[in-house]
Structure formats: C-alpha cells, structure tokens
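Visitor: Sequence:
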Amino acid sequence: MRRTCTTVMWDMSAKDYPMKLYTAPIGPNPHIARLFFAFKEIEPEIVEVDIMAMENRQDDFLRINPAGQLPCLVTDDGVTIAELSAIAEYLDEIKPDPVLTGLTATERAITRMRMRQCDYLIFAPMVLGYRHGDGRRFFEGRIPLHDGICEPAKAIAQEGLAWLDPLLAGQGYICGDRLTYVDIIFFVTVGFFAKFGQPLEPSLKNIAQLMARLEAHDVIGKTA
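All residue numbers for the sequence shown refer to our numbering, where the first residue is 1 and numbers rise by one.
Please note that a few of the clues may not be correct.
[Unchecked claim] The list that follows gives simulated cross-link-like pairs (lysine to aspartate or glutamate, EDC-like), each with its CA atoms no further than 16 Å apart:
| # | residue 1 | residue 2 |
| --- | --- | --- |
| 1 | 20 | 83 |
| 2 | 20 | 43 |
| 3 | 20 | 76 |
| 4 | 195 | 134 |
| 5 | 95 | 43 |
| 6 | 20 | 48 |
| 7 | 95 | 41 |
| 8 | 222 | 41 |
| 9 | 20 | 45 |
| 10 | 205 | 165 |
| 11 | 20 | 41 |
| 12 | 205 | 159 |
| 13 | 20 | 77 |
Please keep in mind that the hints were generated in silico from the structure rather than gathered at the bench.
Keep in mind that this is a model prediction, so the values were computed, not measured.
Whenever a hint applies, use it, and build me the whole structure from the sequences.
Guide: Shown next, in the form of structure tokens:
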C-alpha cells in the first residue's frame with residue numbers, strides 16, 4: 001500500500017522540479033533511479049550517458065560526478081547528488097507525498113538501518129561477484145579486477161539473503177508494512193543479479209513473496 005503524507009499538501013507538476021538526471025539505458029542503478037521518479041510522479045530532464053563508450057569516465061562527466069558513476073542528479077542550483085539513497089531522500093524532501101523514507105524519525109531511522117544492512121550484507125557482495133565474475137568482460141579496463149573474489153562474494157551475498165529472509169515473516173516489506181526506497185533498490189538489484197549467476201535460493205520463501213509483491217506493484221512492476 002502506498003503511504004501518503006498528511007502534514008503537507010502538494011499539488012505541483014513536473015515543471016516545478018527543475019533538475020537533470022544523468023542516467024543510462026542499461027544497468028540496475030539507472031533503472032532504480034527512474035523508478036524513484038516514476039513513484040514520485042516527477043519528470044526530470046534526462047541526460048543519457050553512453051557507458052559503453054565510457055563517457056562516464058571522461059573529464060566532462062567527472063566534473064559533474066567525480067566518482068564517475070550513474071545515476072546522478074543535478075539540482076537547479078548546480079548541486080550534484082549521487083548514490084541512490086541520497087537521491088531518494090532528496091526527492092522526499094522536495095515532494096514528500098508519496099513517501100519513500102518514512103513519516104516519522106523512527107520510520108526514517110529504520111529505513112536507513114535496513115538500507116545500510118542490505119548494502120553491506122547483500123548488494124555490495126553481489127556487485128563484487130558480478131564485476132569479478134559474470135560481468136568481468138564489461139569491466140575489464142574500467143576498474144581493477146582480481147581473481148578469487150567472485151565466488152566468495154557471491155557466497156556472502158547468499159548469507160545476507162538468508163539473514164534477511166526470516167526478518168520479513170509476517171510483514172509486507174523490508175521495513176515493515178510500508179514500502180520504502182529500500183524495497184525498490186532490493187527488487188531491481190536482486191532481480192538483476194539473479195540473471196547473472198546469483199539466483200534466489202528456493203528456500204527463501206519470504207523474499208520470494210516480497211519480490212512477487214513488488215512485481216505486482218502498480219509503479220514498480222509496470223516500470224520494470
């Protein structure tokens with residue numbers, strides 16, 4: 001169920017949010033950012049960066065985002081906001097309805113806690129397993145690559161998923177019964193890497209139910 005903020009009323013169209021979203025047509029993180037904007041019903045100016053041609057590693061883009069990563073958001077006053085959780089929370093600040101982080105201090109703290117836990121227990125090792133394994137050909141010449149990282153990283157990610165699964169019992173989403181940006185990041189990230197050598201274990205019933213619930217969501221599933 002989509003939660004709404006009752007303390008602030010917003011009736012603003014996309015033109016009220018002048019910003020640029022630097023993104024790419026491929027990859028999980030650009031997809032996640034597009035879902036954030038679809039969820040918020042905000043239409044930023046889209047600037048596509050050709051990651052196949054390594055435009056994100058060239059000086060013109062590095063002046064915008066020194067980390068050379070996509071997506072990143074540039075506000076109307078020229079401030080660059082990178083990292084998915086930072087983008088989601090920024091969007092909540094400028095348009096809090098529908099909410100992606102939480103309505104109270106406690107809810108926001110739980111969202112950030114679960115995001116951090118999913119990040120280092122699941123997402124980061126999944127990325128390492130992919131970059132140094134199934135995705136190695138793409139990343140050669142782009143980042144340092146090392147032998148012996150792929151399989152241990154994948155195993156760590158599976159351990160993280162096994163840790164999370166029982167915590168989801170009896171609740172609708174990762175942070176309880178409210179959908180947050182953590183769910184969106186989880187849905188796209190886990191779904192993406194499942195196609196590249198990191199499938200969900202059949203025993204993870206609660207995670208499977210979460211993925212099915214998000215697949216059926218009127219924004220997340222339709223934009224997948």
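Visitor: Identify every previously stated hint that the structure contradicts and give their numbers, smallest first.
Guide: none
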